[in-house]
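Use these hints to put chain B onto chain A, whose structure you have.
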Amino acid sequence: MRRRPWAAGLVVFLGLVLSGGGYATATNIVQAEAGSPIQVEEGRKLFLANCASCHGTNGEGAIGGPSLIGVGAASVDFQVGTGRMPGQGSGPQLRAKPVQFTQEQISAMAAYVASLAPGPAIPDEEYLRGDGDATHGGELFRINCAMCHNAVGAGGALTEGKFAPALAGSTPKHTYEAMVTGPQNMPVFNDANLTPEDKKDIITYLKYIEDNDSVAGFELGSIGPVAEGLFTWIFGLGFIIAITVWLGAKSN
Amino acid sequence: MTSTTDTSTTEAKPGFVGGAANYLDERLSVSAVLKGFGRKVFPDHWSFMLGEVALYSFVILVLSGTFLTFFYQPSMAEVHYDGSYAPLKGAQMSIAYASSLDISFDIRGGLIMRQVHHWAALLFVAAAGLHMLRVFFTGAFRKPRELNWVVGFLLFLMGMGAGFTGYSLPDDLLSGNGLRIIDGMIKGIPVIGTAFSSGFFGGEFPGTEVVARLYSLHIMILPALIIVLIGVHLMMVIIHKHTHYSGPGRTDDNVVGYPLMPVYVAKAGGFFFLVFGVVAAIAATFTINPIWNYGPYDPSPVSAGTQPDWYIGWLDGALRLAPSGWDISIFDYVIPMGVMVPLIVSLLFLALVAAYPFIENWVTKDKREHHVLDRPRNAPTRTAIGAAGVTFYAVLWAGASTDLIATNFQMSLNQVLVAMQIMLLIGPGIAYFVTKRACIALQNKDREVVLHGRETGRVVRLPHGEYIEVHETVDKYELWKLIDYKDYQPVLARPDSNGKISLSNRLRSAVSKIYFEDRIAPVSKAEYELAHADHAPEAVEQKPSRKRKSIDA
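First to last, the protein sequences are chains A and B.
Per the numbering used here, the very first residue in the first sequence carries number 721; after that it's consecutive.
Per the numbering used here, the very first residue in the second sequence carries number 6; after that it's consecutive.
Watch out, some of these pointers could steer you wrong.
Rough simulated footprint, nothing fancy, chain A against chain B, three-plus residues with beta-carbon under 8 Å [stated by the list, open to error]:
1. 50-59
2. 86-98
3. 235-242
4. 303-312
Here are a few chain A residues that face chain B, going by a calculated C-beta distance under 10 Å [to be verified]:
5. L768
6. A769
7. Y925
8. S934
What the hints contain is simulated information worked out from the structure, not anything from laboratory work.
Note that CB positions come from ideal geometry on N, CA and C, so glycine has one too.
Only chain A is shown next, with the shape it has when bound in the complex:
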């Protein structure tokens, strides 16, 4: 059967339009709700005073830090909201530390950075309530997150001094933002990879294990058999040796 020569071209064109358009709608690269001009201006002032020395006066990046064009409000809210930014000291990885700004100031800076270029937005409250499917979230967590963060989010080692931090104490908002922005050594889990519903389920799972204490007693840091083995040798066997010394002592 003969085909018209343009048919193949049409199929390719439709394929590209559908996949590209689908990708664009599925990913989270959408314009953040624009902050008011006053908020953006306030954010720009804070940015110039606190961030520009490393990230450039227009957020274009400089020797000390990467470009912030297109990182989105979520990235600023996560990095500054967990105290990782402004960065302090040098090392394989920036650590969370006491937060340096009020939430109002953080939101202003986020609005400014979001005004530079579209990027991941601060997530809606509906994904953060922790009322999703914990079973599904747990499964996704084990497949996507546990190899670095450990099955219950106790954290783990990466190469050359880098590490995946423990997740206990992280707010649902920051957890969500970390997934969409991939801070430091973490990969980005965009909405094509994990849909907002999936992220909501993961947050639900993490919230469940954080809110519910172990039914089986003290958890020894949830780091698995190493803690259990050390406990056996030091406290279990240590206590039993104390008993043997007592039993072996002369009765007088």
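Below, chain B alone, put in the same frame as chain A:
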């Protein structure tokens, strides 16, 4: 109450206990057994109870394990979980995992029994290991107990095997990862590996068979072997009688202590309940192996911080510390040295542990029986070898937790790994040297104490004006401890009847030199009498005689 004396001569009617005892005695001659067995003498020392702890842990394991078998189902068929643990509701999993979760959440007393079982397992192998160290460092493995050392060694291996098979039964993510590593190691063995793996797993990993097979091993074959070996082990203790530490009246021909009946039966019985109590208290307060956290096994995810239980840790460490890039390619066939090196090194280490009594005997050629234990310092080379072995094992063991050391102490994982590799190579040597020098120094100190007595710090002025420090002589018990040990000398390689010195003779002479050339001889009677003779201070001032490179004539 009437005692169990001969009933034919008693006028009073025996009570129920007496009657029952008599009934049994007339039919089973229990009293003859008790008379012999009950009067077995055991010496009193805390370090002699470590093996007992292992035995009691095993009893606890059998009791709690029996409970678990009532509810555990070793099947890999898939179900949807419908138990109480919310974050797994509806998840697809094997029946083995679902039944383990049911034991933890839905069966009354199930969780504490699981935790008792698992803590007791960790304690079982730990106590057995510590018991082995006690036997090693006191020289309790010497003739006639070499074979019992081997039996104990096999028990330790069986304990590791039973532990690992049990760890794998819940079919959770952690145990599945562990099993995957074992599968990888088996497949890494050249020629037979792949066939062996598919034989064991019944096809490609993980298959649908392995949990049921591990279950048979875990509840039947390994426990049966352990029970038989424990029987042999204890039988040999009865045949050889127990060893004792040196002291007045304690020789290689006797054993000084208390009889089994009634002292040790009461002590040991009470001790069992103390051990059980400790295990139960730990199980009631501390989580162990929270399988619900790990989720059902699925070959794709691996959790950070995946480690085996402690007794398999040294093998995991060996895998982690093996350098990469040593693989050998023969035509298209690759021999994965990242697997083979750890496998060969750990097997060699185990072989050395098992063979040590025979190696030492080959060096000393000592045919005497030894029932008086050595103080570790009085066998400096053996103690140093033991310290080197412990260091080697400990570095491999710590190697299994490189990731946790890196995160918890904020170090680089790569540097921790390299540091461990260096430690593995030089650590045993350092431990050997330091231990040997420390032992010899302690022996020198013991000689001083025997010859001079202890310094009291009391300085007295004699009537003619001389000042002396009063030395307190040690009492008889202490003295025995300090002087009662064997003095070995290096053997010289001698020509045999053909006038040739065989290679093994040369080797033996060289090893013997390493063992004994810088030994410190125990204080002899003559030396002691000379030092304690009145008005002979010049003899006291002598340095301890140090026999170097002497040869047995």
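Checked hints:
1. Only residues whose beta carbon comes within less than 8 Å of a beta carbon in chain A count, and the stretch 50-59 of chain B has 7; three or more means the coverage holds.
2. Under the rule that three or more residues need a Cβ within less than 8 Å of chain A, the assignment of the stretch 86-98 of chain B holds, with 6 such residues.
3. Under the rule that three or more residues need a Cβ within less than 8 Å of chain A, the assignment of the stretch 235-242 of chain B is violated, with 0 such residues.
4. Counting residues of the stretch 303-312 of chain B whose C-beta lies closer than 8 Å to any C-beta of chain A gives 9; at least three are required, and the coverage claim holds.
5. Using the Cβ-Cβ criterion of 10 Å, the hint placing L768/A at the interface with chain B is not satisfied: the shortest such distance is roughly 33 Å.
6. At about 31 Å, the closest approach between the beta carbon of A769/A and any beta carbon in chain B exceeds 10 Å, and the interface hint on this residue is violated.
7. For Y925/A, the suggested interface contact is upheld, since its CB lies about 6 Å from the closest CB of chain B, less than 10 Å.
8. Of the supplied interface hints, the one on S934/A holds, with its beta-carbon coming within about 5 Å of a beta-carbon of chain B, less than 10 Å.
Checked against the numbered hints given earlier, this structure breaks hints 3, 5 and 6; the rest are met.
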